[in-house]
Amino acid sequence: GDGMGIGQITAARIESKSPDGVLNLDTMKTIGLAKTHSASNLVTDSAAGGTALATGIRTSNGRIGTDPDNRPLMSLMLLARDRGMGTGVAVTKALTDATPATFLVQAVSRTFDAEIAEKIIHSGVNVLLGGGSETFGAHPFTRKPRAGSLINTAVELGYLYIDQRDQLLALELGESQNVLGLFSTGNLSYDRERFPGEPSLAEMTKTAIDLLDAYPEGFFLMVEGSNIDTANHYNNTEQMLGDTMAFDQAVGVALDYARLRDDTLVIVTADHETGGLGITGGSPDGARVNHAWLSTDHTGTMVPVYAYGPGEEIFAGTQHLTDVSKKIAHLLGFDPFPVYVDEVVTAAQSPEHVVLVIVDGFDPRYFSFGLPHMEAFAQEGVWFKEARTIMPAATTAAMTSIITGSYPKTHGVPNNVYYDPVLNVRRESPRDVAVPNIG
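Using our numbering, read the sequence shown as starting at 2 and increasing by one per residue.
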């Protein structure tokens, strides 16, 4: 929930239920807190906050999927796409808005809407639901795609384009298909002011889940109640309440799906809090509620983290938004993570065959007696790895390092003494000290 803090959740609970009522959020028993500060400010914006959640890297405010040095990052969603999982976003602002953009693309600035829109269309993400059709080339009044628009490009790439709620609800489900749904020229309306053609966030969430459920490798879906933040910026309590409750309904849709299975994790958090909303008094039954806003901008307070499903327990406690991302990556088996775009091995770079040459007992100093081309081979980096606690490594330890990438704890040399055949001397390495091999 964009801009959603404890104050907004408390107010929505009182409004929709009672002070003792139970939101869908309240049924998620694993709860933690997340720090939100960015690399450039104690108070993050949605670009840096979204990047933290999407990539596991703390970046400067304003950046979309790039680190402070402008290196582009792979998001959880793009990594899921590359694994063959179904992927999607469902939001109530424009798809080019900061949070969805951080999961879909990389850009130097959140203000580069045209660039972000073009990259979204070419992202390969399967389900794209939100607003912002004008940025993608739709006419601002008729909402029909102009010639040469990004919407037409999306159709050429295999997307089904829809722009009305009834089209969304009439989609054929049960088979994988790419869908681009843009239901407003800009951001969607507040939930309490929705036009007939605008779907609710819960409806977009359910349709996205139904579409992505067809992918045998699983799916990764990011849902955002974006307009909670908009209402907070205006200290508009009525609309904040409406959109927070609408967001909770979307959470309920996700939980309904997850509770029928044992393989689905639902995580709910925010990129930051906005407005500093506090409950300052009221009647015990919640009929009268006094509240106050601290600001019309973001705040640096921690935000809640709710989790339900396999692995939920690791999200308890205090963490940073980047930790939430890293924990998701861990549960999905994304290793390494975070990942920079320039570190991703493409199909063109990936060899079909690998030959690993290992010479048992070899020392690079032997090249001094060999041929020149062997010297060049040595200079490319033929060095032995040391064992973790005792040096030098025996064959079993060295081979374990090569094959597994880990350090074995011992190599089995009696009394830690070995013979150097090149220098014709006996050498001794102290225990529990990592000493590089002579080679």
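Calculated from the structure, these hints are not laboratory results. Treat each hint with caution, since some may be false.
Stated by the list, open to error - Simulated crosslink set (DSBU-like; lysine-lysine; CA at most 30 Å straight-line):
#1 Lys36 <-> Lys328
#2 Lys328 <-> Lys120
#3 Lys145 <-> Lys120
#4 Lys327 <-> Lys120
#5 Lys328 <-> Lys145
#6 Lys18 <-> Lys30
#7 Lys327 <-> Lys36
#8 Lys18 <-> Lys36
#9 Lys327 <-> Lys145
Unchecked claim - Here are the simulated distance ranges between beta carbons:
#10 Leu170 <-> Asn42: 38 to 48 Å
#11 Gly125 <-> Gly22: 18 to 28 Å
#12 Glu344 <-> Ala293: 16 to 26 Å
#13 Leu170 <-> Glu194: 38 to 48 Å
#14 Arg289 <-> Asp343: 49 to 59 Å
#15 Ala148 <-> Val358: 27 to 37 Å
#16 Thr154 <-> Asp263: 38 to 48 Å
#17 Glu176 <-> Ser110: 22 to 32 Å
#18 Ser110 <-> Arg289: 20 to 30 Å
Where a beta carbon is used, it is the ideal one built from N, C-alpha and C, also for glycine.
Consistency of beta-carbon spacing, Arg289 to Ser110, with hint 20 to 30 Å:
violated, 45 Å
Tell me if the straight-line CA distance from Lys36 to Lys328 falls inside 30 Å.
Holds, at about 15 Å.
If you check the beta carbons of Ala148 and Val358, does the distance land in 27 to 37 Å?
violated, 58 Å
Take the C-alpha atoms of Lys327 and Lys145, compute the straight-line distance between them, and say whether it is at most 30 Å.
At roughly 41 Å apart (the allowed maximum being 30 Å), Lys145 and Lys327 break the hint.
Decide if the proposed pair is consistent with the structure: Lys145 and Lys120, CA atoms, cutoff 30 Å inclusive.
Holds. Lys145 to Lys120 sits at ~21 Å (cutoff 30 Å).
Below or equal to 30 Å on CA atoms is what counts here, so check Lys18 against Lys36.
holds, 29 Å
Tell me if the straight-line CA distance from Lys327 to Lys36 falls inside 30 Å.
holds, 14 Å
Just to be sure I understand the hint, the distance between the Cβ atoms of Thr154 and Asp263 should be within 38 to 48 Å; is that true here?
Taking Cβ atoms as reference, Thr154 and Asp263 lie about 40 Å apart, which means the hint holds.
Would the pair Lys327 and Lys120 pass a check requiring their Cα atoms to be no farther apart than 30 Å?
Given that 30 Å is the threshold and the Cα spacing comes to 24 Å, the pair holds.
A range of 38 to 48 Å was offered for this pair. Does it hold for the Cβ distance of Leu170 and Asn42?
Cβ of Leu170 to Cβ of Asn42: about 42 Å, so the range 38 to 48 Å holds.
Cβ-Cβ distance between Leu170 and Glu194: within 38 to 48 Å?
Roughly 20 Å apart at Cβ, these two residues miss the hinted range, so it is violated.
Given the hint of 22 to 32 Å, check if Glu176 and Ser110 actually sit that far apart at their C-beta atoms.
violated, 38 Å
In summary, the numbered hints that this structure violates are 5, 9, 11, 12, 13, 15, 17 and 18.
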